[in-house]
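Taking the hints into account, I'd like the entire structure generated from these sequences.
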Amino acid sequence: MTQPPFYVSPEQVMADRADFARAGIARGRSVVVMGYDEGILLVADNPSSRSLNKIGEIYDRIAFAGVGKYNEFENLRVAGIRYADLRGYSYDRSDVTARGLANAYAQTLGTVFTEDQKPYEVEIVVAEVGEVLADDRIYRLTYDGSVADEHGWVAVGGDSSRLNEALGERWRPGLDLQDAFALAVDILSLPAEGGDPTERIADEALEMAVLERHRTRRCFRRISAPLRADG
Amino acid sequence: MSRDPAQGRLPAAFLAAGGSSFTEFVSQHDPDLLPGGRAVPATPMIDVPHGTTIVTLTCSGGLVMAGDRRATMGSLIANRDMRKVFAADDHSLVGIAGAAGPAIEMIRLFQVELEHYAKVEGTLMSLEGKANRLAAMLRGNLGLAMQGLSVLPVLGGHDAGKAAGRIFSYDVTGGCYEEQEHHSIGSGSLFARGALKKLWQPDLDRADAIRVALEALYDAADDDSATGGPDMHRRIWPMVGVVDAAGVTFVEEAECESIVAAILADRREGRSAR
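In order, the protein sequences belong to chains A and B. Each residue of the first sequence is one higher than the last, beginning at 1 in the numbering used here. Each residue of the second sequence is one higher than the last, beginning at 1 in the numbering used here.
Simulated from the structure, these hints should not be mistaken for lab results. Each residue gets a CB set at the ideal place from its N, CA and C atoms; glycine is no exception.
Examples of chain B residues lying across from chain A (beta carbon under 7 Å, computed): (1) Gly-8; (2) Arg-9; (3) Leu-10; (4) Phe-14; (5) Leu-15; (6) Phe-22; (7) Phe-25; (8) Leu-33; (9) Val-112; (10) His-116; (11) Lys-119; (12) Val-120.
Below is the structure:
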């Protein structure tokens, strides 16, 4: 006589998968993305930033940031570059938008979450700098394929809900690059529960890039020397 | 192009690991988009616009590449202000002669290929790497070339290691040859090469190198009906690109106009060869 199969409710399956993905993401380090007066700044807490990047260029005005499992967000980054280059090649450069890319990512993450063996343990940000401030877009995508259109700033990875709370209190539209950078480092240095409040992230552990609004074609630029208020 | 409708997610080719070549990716995902991926109908030769003369020469710390603006279709002028010199990326220039349609498609693909590699790998491709990628694209075009739609590019780039400009020429089968000092391609190249031989000197500065390129183009237009000379009343001047350690720049129209005017004046007065 065969055993009747165990019944597991779909709610339980999804909850288990979500817990699994969330745990993986919370173990990692964070990335902060925020608008400043002349573009969008991306800063990652990434001790191996010289070789393994969390931030990357996708297209003329679009950048990518990922946290979680490196091989999985790297896979998505390359897929994004392929998507954007293919679209730009078969249509026109101006037809590549962050919205289209975020949609493609959302569909992919959503399908992987429900159908594959295991969900991607990643959270990614797609940022697009517009010709004017009002056209800037920052999309946050989570492991299950949900998309959020963020207004001006977002932190992902690690203890992101606490970081977002602090960021929301301190971010103001129209910060200059120095102030935005200082704020990003402050946020990334927020101590964990019971941690040392005076500890700051070392310069070598920061990975930084900007999307500069007024560049003519490719707006993405990596910043190697840390920006400090004194110069 | 579209995502897999049954699944919604990006198709497997997008998520495949490895591979920093755009061409390789497209050949797996949608080969019809590639010049070499389409079947070539076996029809007799057709008349299509052809681009004509490109000259390129090394100068101190870089190189200059210039092209006339004419495209011809048989004995007709198909286009008077065609662009035949392009920035392949920030550190190299590519000029084209031959069937204009396939040539421009090849350049577009080449530009995406280089940018794609730089974005995926996070580093720039070496100059030899670029030269070999372009050779591979020409090989893909061999079917069309046999039908009479051949494309002939010339690649010029700045080699950071040698702090000098280097020139690579090609044949239609994808053979890639490094040229020394200067080179010219296209229907007027015979005459341009003669001029370059007499005018080129080692370590020309930027201004002199541009002038030599424009003189060579003028000589090509003088003797080859398919090469366009300076168009004074429409104010159409050759396209001149310069690449050095700082990257690629194109010479402004006003500067081009003044150099062309100086060349014409000197030839009228008999101060230089005519």
